[in-house]
Amino acid sequence: MSVVAQSDPLHFALIGTPNSGKTALFNALTGSRQKVANYPGVTVERKSGMLHTPGGRSVNLIDLPGTYSLRARSPDEEVTRDFVLGRFKAEAAPDLLLCVADSTNLRLALRLVLELKRVGRPLLLVLNMIDIARRRGIDIDLDRLSAELGVPAITAAAVRRGGTDDLMRRLDELAATSETSSTPAQWQAPAAAELRAAQREADRIIAAAVKTPASPDTLTSRLDAVLLHPVAGLVILLAILFVMFQAVFTWAKPLMDLITAGFDALGAFSHTMLPDGLLQSFVENGVISGVGSVIVFLPQILILFLFILLLEDLGYMARAAFLMDRIMGGAGLHGRAFIPLLSSFACAIPGIMATRVIDNPRDRLTTILVAPLMTWSVRIPVYTLIISAFIPDRTIWGFASLQGVVMFGLYAAGIVSALGVSALAKFMFWRESPTPPFMLELPDYKLPRPRSVLMGVYTRARMFLHRAGTTIFSMMVLIWFLASFPRPPAGATGPAIDYSLAALIGHAMEPITSAIGFNWQINVALIPGMAAREVAVAALGTVYAIEGGKENAAQIGQALAQHWSLATALAVLAWYIFAPQCASTLAVIRRETGSWKWMAVTFGYMLALAYAAAFVTYHTAALLGG
Amino acid sequence: MALGLAHRGFRGHITGIAVGGDTSDLPAGELERRLLELGFTEGAEVEILHEGLFGRDPIAVRVNDATVAIRRREAMAILVS
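Each protein sequence line maps, in turn, to chains A and B.
Using the numbering used here, read the first sequence as starting at 1 and increasing by one per residue.
Using the numbering used here, read the second sequence as starting at 1 and increasing by one per residue.
Hints are computed from structural coordinates only; laboratory data are not their basis.
All the given hints hold, so there is nothing to weed out.
Simulated DEER-style distance windows between Cβ atoms:
{"id": "1", "chain 1": "A", "residue 1": "K89", "chain 2": "B", "residue 2": "H7", "range": "49 to 57 Å"}
{"id": "2", "chain 1": "A", "residue 1": "V235", "chain 2": "B", "residue 2": "H7", "range": "16 to 24 Å"}
{"id": "3", "chain 1": "A", "residue 1": "P254", "chain 2": "B", "residue 2": "E30", "range": "47 to 55 Å"}
{"id": "4", "chain 1": "A", "residue 1": "L142", "chain 2": "B", "residue 2": "E30", "range": "34 to 42 Å"}
{"id": "5", "chain 1": "B", "residue 1": "A28", "chain 2": "A", "residue 2": "T395", "range": "54 to 62 Å"}
{"id": "6", "chain 1": "A", "residue 1": "Q34", "chain 2": "B", "residue 2": "E30", "range": "31 to 39 Å"}
According to the in silico footprint, chain A covers these stretches of chain B (three or more CB under 8 Å from chain A):
{"id": "7", "region": "26-35"}
{"id": "8", "region": "54-61"}
Per the computed footprint, the stretches of chain A lying under chain B, defined by three or more beta-carbons under 8 Å from a beta-carbon of chain B, are:
{"id": "9", "region": "61-72"}
{"id": "10", "region": "187-200"}
{"id": "11", "region": "313-326"}
Backbone N, C-alpha and C fix where the C-beta goes; we use that ideal spot for every residue, glycine too.
Isolated chain A, as found in the complex (with noise of 0.2 Å):
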């Protein structure tokens, strides 16, 4: 309209219920031009992007936490609603509001869009998912709908081919509008009387512009009959997990073959082309062998997050929390905090930030507390490590790797004490408070979307290749460093490593570890293993290659299997299950939980946890005879 707007792009905000489909909408919009950050001040997820109009216009569009209303109950709802009101000083209040819903469902939506209404900015309803509401025959009379609500409304498919065609016309109109329209706020918290005088008004709309055919959705009502049968529904659950346990350990077997073999070539190709000294080392043990020994599980992290965005996409993820809430409540956890745990599995900070989906504080500092206790991703390194070296690689009961096997077990002795300190702490802490509702709608079954899925798993693994690009690569430059300095006296005999900052730092510990069979080389690997534990790995190969020279470097493996006992190498895995988190981590909790003093709680929990399991661990072994 002005040259101004032309020139400035616009803000519009997605606002709408969970589950309406508004993040495919926002990436149907954005494609790929998306950026995540923060909101200043708090830690909830900024996502925003650009797109541009039929017309030439650039807009900002702003995709907000999802939210029956805009009285905020948890710090993601706080978020939609200061910037819905224009209360953050940081933000542009938004140009126009597109508030989504989904076209089958629409009760709730409409109740938030009169809401809205109040908020005085303009507003434009998107039915999405219309090509579902319309091949399951619900008919909806978009002119009637709109001027009973009194808001412009238009339809979407987010996930058709030209789905949002008309969506993005209809925007370049209200572009040319939206700066004049806006009318004071006069939104204040409805109370009980309000929310039913609402629900009313938009069932009567609904009666009035929608004809919903007699059945629902069969599909959906079929497949929950199986998957929330209160025993069949548990055990299709565990069978999900162990499907992902073992897809994860041997689908990404070639591929990690094939990496660890190119970088093997890297190093040795540095190694040729570099005069012998220190540089040479610094390339070949600290750099390639550091980076390569994390990029390796990029394989396993992305099948691991693939999993997780189907089955968020497919619309399991909700079942899944029913199912387990009974399960989760008796160990003092919600069962919505089931979704924040699962996604720990792959690195604790995405599922810590999850846990603002919890809105009870309590709740969500429990969840925050034992949630490292579930990563995966960043042990698969040490475990896979010691797991191929100790346990031979045999097929039992016909089907399942006996490797898988272990590590399953593993996996389910960590998730068993997550639950037993989430127990603990509640009844240390909080036994007097107040147990939260469990309250959670169950979105119909949709089959997830190729491109959206892919999208999902490719920001996961920029994330992760950021972390093994930066903090890991430091942590190795580090840990060279304490390895190869001070350079060995003229003369000496043993391997240079025995001399080093590094030995000296392993053999003071010794006294401490040699209770749990650790010897000094692993101590040399623990400090950097809690700064982050996908680091520990690329130190043993470090120590090992530096002290046994180039041949060892390639099978840190076989080095294990020949300098450890089984009681060692049993107690290094027991005490990976509870060893401290990255140092991320631990900046992520106390960030989340605004106190230095649950950061203390969560690390030293968590080391003496590990001191203990390696502890009971070794001796048993020992006894045993390992």
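Once you have looked at the hints, place chain B on chain A.
Showing chain B alone in chain A's frame:
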């Protein structure tokens, strides 16, 4: 009667929301508003579709066209007939 006492397969409609003293650990007004926001309003049709394994808890309730999971404890506040 309270929805929290009903068995799987129960069909009826909501006659009122009445948060008793022991229903939930949430303040009474807060629980009422949360239930309303999830669509548990007077007149809505409900059906209990599924129950959990332990103590037949939680329950999955069809509320008009949506399905909501809720614990029996909170469902005690939903009066149905």
